[in-house]
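Residue numbers (full-length UniProt numbering), protein chains in the order written: chain A, 1 to 406; chain B, 1 to 406; chain C, 1 to 406; chain D, 1 to 406.
Hint data in this document are derived by calculation from the structure and do not stem from the laboratory.
Among these hints, one or two may not hold up.
Treat identical chains as interchangeable: a pair holds within one or across any two.
What the hints assert, rightly or not - Listed below are the simulated BS3-like cross-link pairs for lysine-lysine, each with C-alpha atoms no more than 27 Å apart in a straight line:
hint	residue 1	residue 2
1	347	229
2	156	382
3	229	6
4	287	251
5	229	287
6	251	347
7	287	347
Chain by chain, the residues run as shown.
Protein chains: 4
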Amino acid sequence: MSKIEKVVLAYSGGLDTSVIVRWLQDTYGCEVVTFTADIGQGEEVEPARAKAEALGVKEIYIDDLREEYVRDFVFPMFRANAIYEGEYLLGTSIARPLIAKRLIEIANETGADAISHGATGKGNDQVRFELGAYALKPGIQVIAPWREWDLNSREKLMQYCEQHKIPVDFSSTKKKSPYSMDANLLHISYEGGILEDPWAEAEEDMWRWSVSPEAAPEEPTYITIGFEKGDPVSIDGERLSPATLLEKLNKLGGANGIGRLDIVENRYVGMKSRGCYETPGGTILMKAHRAIESITLDREVAHMKDSLMPRYADLVYNGYWWSPERRMLQAAIDESQEVVNGEVRLKLYKGSVSAVGRRSVDSLFDERIATFEDDAGAYNQKDAEGFIKLNALRLRIAAGKGRKLI
Amino acid sequence: MSKIEKVVLAYSGGLDTSVIVRWLQDTYGCEVVTFTADIGQGEEVEPARAKAEALGVKEIYIDDLREEYVRDFVFPMFRANAIYEGEYLLGTSIARPLIAKRLIEIANETGADAISHGATGKGNDQVRFELGAYALKPGIQVIAPWREWDLNSREKLMQYCEQHKIPVDFSSTKKKSPYSMDANLLHISYEGGILEDPWAEAEEDMWRWSVSPEAAPEEPTYITIGFEKGDPVSIDGERLSPATLLEKLNKLGGANGIGRLDIVENRYVGMKSRGCYETPGGTILMKAHRAIESITLDREVAHMKDSLMPRYADLVYNGYWWSPERRMLQAAIDESQEVVNGEVRLKLYKGSVSAVGRRSVDSLFDERIATFEDDAGAYNQKDAEGFIKLNALRLRIAAGKGRKLI
Amino acid sequence: MSKIEKVVLAYSGGLDTSVIVRWLQDTYGCEVVTFTADIGQGEEVEPARAKAEALGVKEIYIDDLREEYVRDFVFPMFRANAIYEGEYLLGTSIARPLIAKRLIEIANETGADAISHGATGKGNDQVRFELGAYALKPGIQVIAPWREWDLNSREKLMQYCEQHKIPVDFSSTKKKSPYSMDANLLHISYEGGILEDPWAEAEEDMWRWSVSPEAAPEEPTYITIGFEKGDPVSIDGERLSPATLLEKLNKLGGANGIGRLDIVENRYVGMKSRGCYETPGGTILMKAHRAIESITLDREVAHMKDSLMPRYADLVYNGYWWSPERRMLQAAIDESQEVVNGEVRLKLYKGSVSAVGRRSVDSLFDERIATFEDDAGAYNQKDAEGFIKLNALRLRIAAGKGRKLI
Amino acid sequence: MSKIEKVVLAYSGGLDTSVIVRWLQDTYGCEVVTFTADIGQGEEVEPARAKAEALGVKEIYIDDLREEYVRDFVFPMFRANAIYEGEYLLGTSIARPLIAKRLIEIANETGADAISHGATGKGNDQVRFELGAYALKPGIQVIAPWREWDLNSREKLMQYCEQHKIPVDFSSTKKKSPYSMDANLLHISYEGGILEDPWAEAEEDMWRWSVSPEAAPEEPTYITIGFEKGDPVSIDGERLSPATLLEKLNKLGGANGIGRLDIVENRYVGMKSRGCYETPGGTILMKAHRAIESITLDREVAHMKDSLMPRYADLVYNGYWWSPERRMLQAAIDESQEVVNGEVRLKLYKGSVSAVGRRSVDSLFDERIATFEDDAGAYNQKDAEGFIKLNALRLRIAAGKGRKLI
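Work the whole structure out from these sequences, hints included.
Written as structure tokens, this is what we have:
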């Protein structure tokens, strides 16, 4: 480990990363640059400035990355219909490569030789931050305090604060949730506490972004989402920027009890963990995107996307956003989305979202051929005989030679 | 086309297949054997006997195949978590190979040289019936009246009945639904009518198996499903046969507004079509099966299953149940299910189903390692550094040699 | 079938397609436009003009498509390392989409309403021609004489010529090979004759493009192929056009006995068939392309290409070049090839080709890290422990809970 | 790291592992159990006994594992046609899981709490040994001296021997090859030395198992291999045990210059490395296995195998033989091999191996249908029209709605 002069820290302003600032200064004798981003976590980022200043930080970066986040990370991922392990919409995973990128940009600007973050040594986030950092700046050093220090409990952290006179806002930290939470414009996640028993149901008051289906309105809400090249661009005819659109979908979904998920997932580092997620807008968007694809995508393109999707989701989950293989898959996916234009009408009601209508100038739905009524010769039913006969040929030959299938 | 002496017809007892009986007798001068199966479509099958007799049929087969259907077709498919095009639970597709198998068995028993069915020349069902038949008895002949005759409207069929004095129960047929429907123990489907416009919302009174989420009870229903080797075996501790279990899930799901689906899908014969489906029990089962897998399956096994699934679903959808490639995939899937044992607790409420608990003696969830609390050394956080460093090595080398990812 | 006014025929000038000209004129009462292409089959195309004129054809197209063929079809396919069923380099398959495209262009130019070809009803080529034609011009009609007429033997064809006074060069046709052959710049194929017995060895005098390994020079030949963006651009430093380069590789390979293949393959129409192929230049090119990729491609990109390859090869073999799914795959493949630049040195000797050297400014081979000697700290061996430990974690947990692997 | 009492070492009897014995005794103060296996590396294993005894080892295991190796590892892998990165037949990779299994068995028998091996911290073998060990005995400890000590050169090792009076046979070690080599019944590998420059051609005298193609006989050798359920069982009609059969193929291949390979491959630990391999018997076997599959496997089964193969090869290469996902794939592969019976005739000549004949009672090759001659109605060419029309339907609809493919 070579000497470190300056480190850029992903800084939230909370207890943990405030301790990290001081610990880095003390342990490495280095200068700390803080970086705080608004990616829609729902907390003010500006207060982080005063806290960093109080810790003696001289270079303080506070960025509003919401539009970039949704436009360049969330939307490209939704083009792939990415779902991890059949259920998880990757709300935490997709925010990390943006943080990694910004950390490296700031390292380049400030001449820092290391980055640091507050992710633990058991989780996926350390992997996502660090793979991204190494991929973008191979010589960078990484300091992961949770893997190094022995401050492995809240009590020890508080003690450290007192010893080192770190000005933490104890009032806010006292009423701490029993869950470990993380939020950004795409979702909020909960882990730990009673969730560590996979048989225990999450308590109703854990959920923060959505009302319970029981508490949602008795009347359904209908909305129409417009798509261009696979990305949503409008709600009910109103054109919205990426972040604004997702924010609005979050409100609509949350109000209708949509997007809660309770799963046990497999982490990249090798263990299973229980997680609960609220992804109101993302859940609506996934349904809508599949619906607009259903009338605009060729069948084989759609199936190929489905067969590539699990791999794409693994890449995002495991932290390989900044990799040539993700770019390669993205090239194929983006190629398919040129024609994914049109509108989807959705019904939101007490926890569920249904596509009830879809239309597009690029629709491949052919009423003349699909009809149960007389199609005036658009489709020749006799073609089906040859189609079936030749598709069956290999099976007929095999059966004729005695192969058994039962 | 060689001379046909005897044909086995998949006979529902309804208008269409009654016309087919007579049309086969007249057109081919052959004997007709009828086969009527109870696969849970919810209509009496016994009345088909008198109707067939009235048409002069001498060999009449009426079978209750519900248990075989669920045990040997539905459950093996659910082991694969099969979903077609991201949404469709394959409720129609999976019933066809059983019918095909039984048609061939009866052809063997009765010495028939052909089979016949009432599926149209535009749909998937003709393919599924015929591929199955050819795969199981390569020399069989297939007569698909809808591809041959010109009785291509309800009016012409009725006229044919009158001309040929076919005793149809007109009272029942008059109040005919505007939709083309098909049902079995796994689902009921709707096509045609206003659904041919993919922008038009299905009318509430179309749905038959489920109440609307709006009309579902205000209180959630909780159930626990027990699994053995990947198959459900009990509900709330009560052991049930496959068909009985699925029937009960259908009632529970239907009462809670669960399992409605409205999609545009791609048919194997090349066109897009709009379909609405109610799969109440299947929707619950899919959620439960994924949940029990989430704690019992190894990560890589689960991911491999996910990557194979789209291919498996295509095979079922396209009619290749009776094929060596489906058997090959099934061998891999079944190998994975030995350990899929345990219980899943589910919450059913107004259209949505959530897994809220899962437990198993075969659980791989390790509380000691997964915990956010002190794990007493079960997991060495320092291992993560080497893990990340070597996973990043190829990316670091590439970046060091000037490769750009942005 | 609507009335046909004018048809564009893929015309070789040989017996079969000469009969087709007259048969089309007689059977459909339509005008015939002939199209003859030089795609490197090694026969003069100009003589086709006089033959067509003698048959009363007024619009005659004769094109040299060699450069387009190699540049836009062969090379893009080699970027994918496409091999069908583990062995076949797709030499026939890849020529068909170019012919289909040109037939449709000529149909558009001449106002023809149909195309026609001389491929049989049992083979893959009919599928490839017609899928391409339909995909590029959906209203086009297709006449496939071999599926319609009863001239199903050479004798009947000759008789037809005499009856209709078709001026065939009988001298050339008498010494006909017992094999059905097809050639283009990528390969020559042999089917039929004694090859219909898969146990029978092909006779030495069947092979036309290569000497036997036994007859090849006793001294190896060394060559160096230069690549840019995945395509070969030079041999031994001499820049060559695509067709010229492939032609030269064919000569080099043929002289060294390289590129013979004898296989049983699965046709898209459902049967197995025996084929022998000579692909001298393609065999060298495949080896060289893999070798240049081996030092320039990222590992995961290379593996992703390998996992996509079988699907890509199926698409080409089955005739789906002109499809959105092939374009989608191509987008991913082409994305990967930007960095595939450099040189490969090859040894050609008596039937085998080996890569013996590869170098590139885009090489990812890192001598410092790969070395068995002291690497001066470029790689930290201790990282491997954490890498292995965490990769093993899921296996250790499973074993700890009693899972057995033996 | 807890206290280690006894360690089982994979012991070759050579310099490196002899040093490791003493180093383990000194560093860990533990008892060392040695395990030496004959897996066909071509060196006597019995001399290891005296060397181990001289080092004070009390529990010495020397096993002949050749039959087990070929029967339970090599052959199952060849059923999958496994090739890594398009070229490498996995000769080193497949031997490791057997060693790992035996190390653990011996640890169980002797009550050892650790295993150790002589693989370096840069290579794949450490991963393969250790993943296998952890998967089979999760509590086992692993000592990898090359990752711990500083004896990182041949000189330091020799010095250590002298200091510790380790009786090494210096005469044999003096004429050491410049290459790092590894051999077993499937192959011999070469790394290091001038091979570290990927542009440098391997010297002729490096190769040990095969004559150069130039030096091979002028006359081809023909052999016939018999297969049962996907495994080779005989050569030229003579039934042979697995190891004996592979040994004989090695001799035949080596004498004909077959099976040399020179590649740059991607290691699991993240770097590229140059390797040369001789796999004479394996190269013949791969060709033969594909040939017998070509007439006995269904098309879709064969294609599914091809699409799964790269993943299977990755698993073997990366060291996941002992994993549930490899077993899952193996279940699918083995299911396909029931019908892979019959004979393949091969021509071996100066470096190349060709299949020239294949026959089987389970052949799906149907001469009646495949023939270019009159097939007496076995195949109806008119079926092809419907087959093509419906396969083209989605493309025709898309083109009709204005989609462009060019």
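Comparing the hints with the structure gives:
1. 347 - 229: Within one copy, since 23 Å is at most 27 Å while 37 Å is not.
2. 156 - 382: between (78 Å within a copy, 20 Å between copies)
3. 229 - 6: neither (43 Å within a copy, 40 Å between copies)
4. 287 - 251: Cα proximity of residue 287 and residue 251: in one copy and across copies (16 Å, 26 Å).
5. 229 - 287: Close inside one copy (16 Å), not across copies (32 Å); limit 27 Å.
6. 251 - 347: both (15 Å within a copy, 24 Å between copies)
7. 287 - 347: For residue 287 and residue 347, both the intra-copy (11 Å) and inter-copy (22 Å) Cα distances are at most 27 Å.
Taken one by one, the earlier hints fail for this structure only at number 3.
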